[in-house]
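Start from chain H and add chains P and U according to the hints.
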Amino acid sequence: MFGSEWFRLILGLLIVLGFASLNALFLVWLERKVAGHIQLRPGPMEVGPHGLLQTIMDAVKLMGKELILPAKADKRLFFLAPVLVFMPVLVGFLVLPFGPSMIIRDMNLGVLLVFAFSTFTVLAILAGGWASNNKYALLGAVRSVAQNVAYEIPLLLAVMSVVLMVNSLSFSEIVRSQKTIWFIFVQPVAGLIYLISATAETNRAPFDIPEAESELVAGFHTEYSGMGFGLFFLAEYTNMFIVCAVATSLFFGGWNGLFGISLGIPGVFWFLFKTYMLIFILMWVRWTFPRVRFDQLMNFSWKVMIPISLANLVVTAIVVKLI
Amino acid sequence: MAEQDSTQEYRRIYTLNLGPQHPSTHGVLRILLDLDGEYIVKADPVIGYGHRGHEKMGENRQYKQFLPNASRLDYLSGMIFNHGFVLAVEKLAGIEVPERAKYIRVIASELNRISSHLLWFGTYIMDLGGFTPFLYAFDDREQILDILDSVSGSRLTYSYCRFGGVTRDVDSKFIEMTRAFLKRMGTRWADYDDLVTKNIIFIHRTRDVGIIDPELARQYGVTGPNLRACGVAFDVRRSEPYEVYDRLDFEVPTGSRGDALDRYNVRFKEMQQSCRIIEQALDQLPEGDFLTKKVPQKLSPPKGEVYAAFESSRGLSAFYLVSDGSPGPYRCHIRVPSFGNLNVLNEVLPRTLVADAISILGSIDVVIPEIDR
Amino acid sequence: MKVKELEAIMLEKFPDAPLRRDETAMTGALWSIAVPVSGIRDVAKAFGSAGFFLESITALDFEDTFELVYHFNCYEPKSRLVVRMLCGHDQVPPSICDIFRGAGWLEREVHDFFGISFSGNTDMRPLLLPEDADYHPLRKTFGKVSAYHKREEIYG
Numbered sequence: 000m001f002g003s004e005w006f007r008l009i010l011g012l013l014i015v016l017g018f019a020s021l022n023a024l025f026l027v028w029l030e031r032k033v034a035g036h037i038q039l040r041p042g043p044m045e046v047g048p049h050g051l052l053q054t055i056m057d058a059v060k061l062m063g064k065e066l067i068l069p070a071k072a073d074k075r076l077f078f079l080a081p082v083l084v085f086m087p088v089l090v091g092f093l094v095l096p097f098g099p100s101m102i103i104r105d106m107n108l109g110v111l112l113v114f115a116f117s118t119f120t121v122l123a124i125l126a127g128g129w130a131s132n133n134k135y136a137l138l139g140a141v142r143s144v145a146q147n148v149a150y151e152i153p154l155l156l157a158v159m160s161v162v163l164m165v166n167s168l169s170f171s172e173i174v175r176s177q178k179t180i181w182f183i184f185v186q187p188v189a190g191l192i193y194l195i196s197a198t199a200e201t202n203r204a205p206f207d208i209p210e211a212e213s214e215l216v217a218g219f220h221t222e223y224s225g226m227g228f229g230l231f232f233l234a235e236y237t238n239m240f241i242v243c244a245v246a247t248s249l250f251f252g253g254w255n256g257l258f259g260i261s262l263g264i265p266g267v268f269w270f271l272f273k274t275y276m277l278i279f280i281l282m283w284v285r286w287t288f289p290r291v292r293f294d295q296l297m298n299f300s301w302k303v304m305i306p307i308s309l310a311n312l313v314v315t316a317i318v319v320k321l322i
Numbered sequence: 000m001a002e003q004d005s006t007q008e009y010r011r012i013y014t015l016n017l018g019p020q021h022p023s024t025h026g027v028l029r030i031l032l033d034l035d036g037e038y039i040v041k042a043d044p045v046i047g048y049g050h051r052g053h054e055k056m057g058e059n060r061q062y063k064q065f066l067p068n069a070s071r072l073d074y075l076s077g078m079i080f081n082h083g084f085v086l087a088v089e090k091l092a093g094i095e096v097p098e099r100a101k102y103i104r105v106i107a108s109e110l111n112r113i114s115s116h117l118l119w120f121g122t123y124i125m126d127l128g129g130f131t132p133f134l135y136a137f138d139d140r141e142q143i144l145d146i147l148d149s150v151s152g153s154r155l156t157y158s159y160c161r162f163g164g165v166t167r168d169v170d171s172k173f174i175e176m177t178r179a180f181l182k183r184m185g186t187r188w189a190d191y192d193d194l195v196t197k198n199i200i201f202i203h204r205t206r207d208v209g210i211i212d213p214e215l216a217r218q219y220g221v222t223g224p225n226l227r228a229c230g231v232a233f234d235v236r237r238s239e240p241y242e243v244y245d246r247l248d249f250e251v252p253t254g255s256r257g258d259a260l261d262r263y264n265v266r267f268k269e270m271q272q273s274c275r276i277i278e279q280a281l282d283q284l285p286e287g288d289f290l291t292k293k294v295p296q297k298l299s300p301p302k303g304e305v306y307a308a309f310e311s312s313r314g315l316s317a318f319y320l321v322s323d324g325s326p327g328p329y330r331c332h333i334r335v336p337s338f339g340n341l342n343v344l345n346e347v348l349p350r351t352l353v354a355d356a357i358s359i360l361g362s363i364d365v366v367i368p369e370i371d372r
Numbered sequence: 000m001k002v003k004e005l006e007a008i009m010l011e012k013f014p015d016a017p018l019r020r021d022e023t024a025m026t027g028a029l030w031s032i033a034v035p036v037s038g039i040r041d042v043a044k045a046f047g048s049a050g051f052f053l054e055s056i057t058a059l060d061f062e063d064t065f066e067l068v069y070h071f072n073c074y075e076p077k078s079r080l081v082v083r084m085l086c087g088h089d090q091v092p093p094s095i096c097d098i099f100r101g102a103g104w105l106e107r108e109v110h111d112f113f114g115i116s117f118s119g120n121t122d123m124r125p126l127l128l129p130e131d132a133d134y135h136p137l138r139k140t141f142g143k144v145s146a147y148h149k150r151e152e153i154y155g
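Protein chains in written order, with numbering that gives the first Met the number 0: chain H, 0 to 322; chain P, 0 to 372; chain U, 0 to 155.
Isolated chain H, as found in the complex (with noise of 0.2 Å):
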């Protein structure tokens, strides 16, 4: 029995629960610290050294809350929605290339599943801000379809254009391909497409009007309370490590070193080192940049974004063909 596949599918499964719940807590830790200490101040000190134990705490008083149910909601949907926007995103774990041999599940066609279950997060979104009866939740939630459909698309661009490049959709195929030089040093325009996109797709600054503090109150989760608004929290945040690690083993070489030296590290360390990178680099963006307008954000995924991407998956398709 030890060393068939269903263990270690069940082995992994835990793996990846333990490690996607332990993910989020040290990211919203992380964000504090991050945003403290670009603001000048050192963000959470009190609980725990240097506030480590922080998330921890604010989670359990979460928990504490009341489960506040507005008036006329719908709630079926109303407590689907936090369930629907976090279960999804766990599953994109299965597929990352985490070292050259630790993968849970192999498939010849992981890069399919990971963008599949992530677009349900949007309809997560929609029915959290349609169930809460409440029009400023609608308009977060309807803003957030908008935005979020409009930014897949120069992501799916490019990322076919690396694709391309492997002839294949697995993810450790595309690691491997990468142990001479990273994607990032061939690709650059698709690279920078895909981390603009990902912002966008994880409604993260600036491009969170999803979620406008200061313009819609909250967005979609005004009306949620307790354990509903801790759910979708975390759920950003897995979200984001899910992203970031996309990015890593599309264009950054996953587990690979550096130009093929790897100095001995496993793979598993340069693979968490280089998305932990990638996720401090969104921090960092969020906290220096303003937000911007919805139509600017539209006009800019359409008109510019679209454009770029397909005319770099041309133009890959035109070097892979002719080489």
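Check before you lean on any hint, since a few could be wrong.
Claimed, not checked - What follows is a set of in silico ranges between Cβ atoms, one per label pair, in the way DEER data are often shown:
1) Glu-45(H) <-> Arg-275(P): 42 to 48 Å
2) Asp-207(P) <-> Asp-63(U): 51 to 57 Å
3) Arg-11(P) <-> His-49(H): 49 to 55 Å
4) Gly-142(U) <-> Arg-178(P): 48 to 54 Å
5) His-49(H) <-> Asp-207(P): 44 to 50 Å
The hints are simulated quantities; they were obtained by calculation from the structure and are not laboratory data.
Glycine included, each C-beta is placed from N, C-alpha and C at the ideal position.
Leaving out everything else, chains P and U in the frame of chain H:
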């Protein structure tokens, strides 16, 4: 939300309440917006949530008992309003003020103006989504608050000016702290420029947003940086100089288009001009008394009226006092600039986006307790 | 100079209206003129076309009359002018909110505090008081009052 009237017609316009509790309305302001999708069709500001009855209080108090009230009208320019009220009573009663006191008051008022603009700057960028400049601005503002705290004892609402001078003299520590602050601010302008003024996202959020043309400003009595951004160089410190402003050399910055970006630039330059004023005042500060001793405790000015105008951070403010010879005013009316500045939104907000409404509201810089009194 | 031109226009329109001059502008205005209730609209039109803006509208409550005080100013130095209007306790003066659009809110505030209605102003909802307020706080017959005079006791 889509309302259907008796003819079963589908009405697209819905009402959104930018309610009294909202992170970006500065104070308790309620704007009833009629929206068509994301565009505003009609905007109706509802005020009065902070009405405390200052004008009635003014009638039932002696002049010196109204001193704390003056700061609490526009609490961000508390020193300037305190100064203005004292000026009004001095004009009414014919009290002479020593030179040193005049200079001290001007320095304190200009420091207050800088702190008010810094707070506006931080909260405006925060409304637009950039959370970091808020903390940088408050770091600078803390320095000002420490300076004013050392001489007056309060950080936000001051009763530092008295009829005939100021409460306490400034010592060398105050002058040192102020000079150190001015030196530090000289290096900060470049930082703020890089972080905010040259930021392409910020420029896109503020250029051509909320344009007020000079005719509209005249109709509604808009004054202050909002008016100067339209191109009209009207500043009470220039047109009706009070205290020692006629001896100090400063520019009145203006804009050209009257949009939010111009308002931002005008306030930014005003902060720099205020630094210039403070430096000159510190250089010219004479020795002498800080309070004239001939003012009686129970001040009963002769019968008559006075309308004393001064330039607060938001525009032209004035105290209109009517005296009947008794120790308290018969009528105490306060003209506040935010009244007209908010009123003009009735015509500026329609045909803009909701997201722009937040940007416009922030750039106008209203303080609601001033309007509500 | 705009102020001199307006003075000439005012003396022409209202030859026997009392005009009080204050050259040093200690009281804040260069001159103040008292006009009858029916004349305020002409005055406002004259000031409007001269490029003045309306600074404030306020009222004073005396035992025998209300007095409405309009402060006008323009963007030139030291150009504040005051227009005063004696208005009985039950009189309804005309509104100037179509000449100066900002007057709408100012008149609403005066109505809130004193109960003076302005004919021609369609929106007389309370501005600073609650929507259902039926009292007028700044009247000297409301609440705690320290002094209540006749007009001549102050202005002679």
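Hint check:
no., hint, result
1, Glu-45(H) <-> Arg-275(P): 42 to 48 Å, "holds, 43 Å"
2, Asp-207(P) <-> Asp-63(U): 51 to 57 Å, "holds, 54 Å"
3, Arg-11(P) <-> His-49(H): 49 to 55 Å, "holds, 52 Å"
4, Gly-142(U) <-> Arg-178(P): 48 to 54 Å, "holds, 49 Å"
5, His-49(H) <-> Asp-207(P): 44 to 50 Å, "holds, 46 Å"
Going down the numbered hints, you'll see the structure goes against none, and every one checks out.
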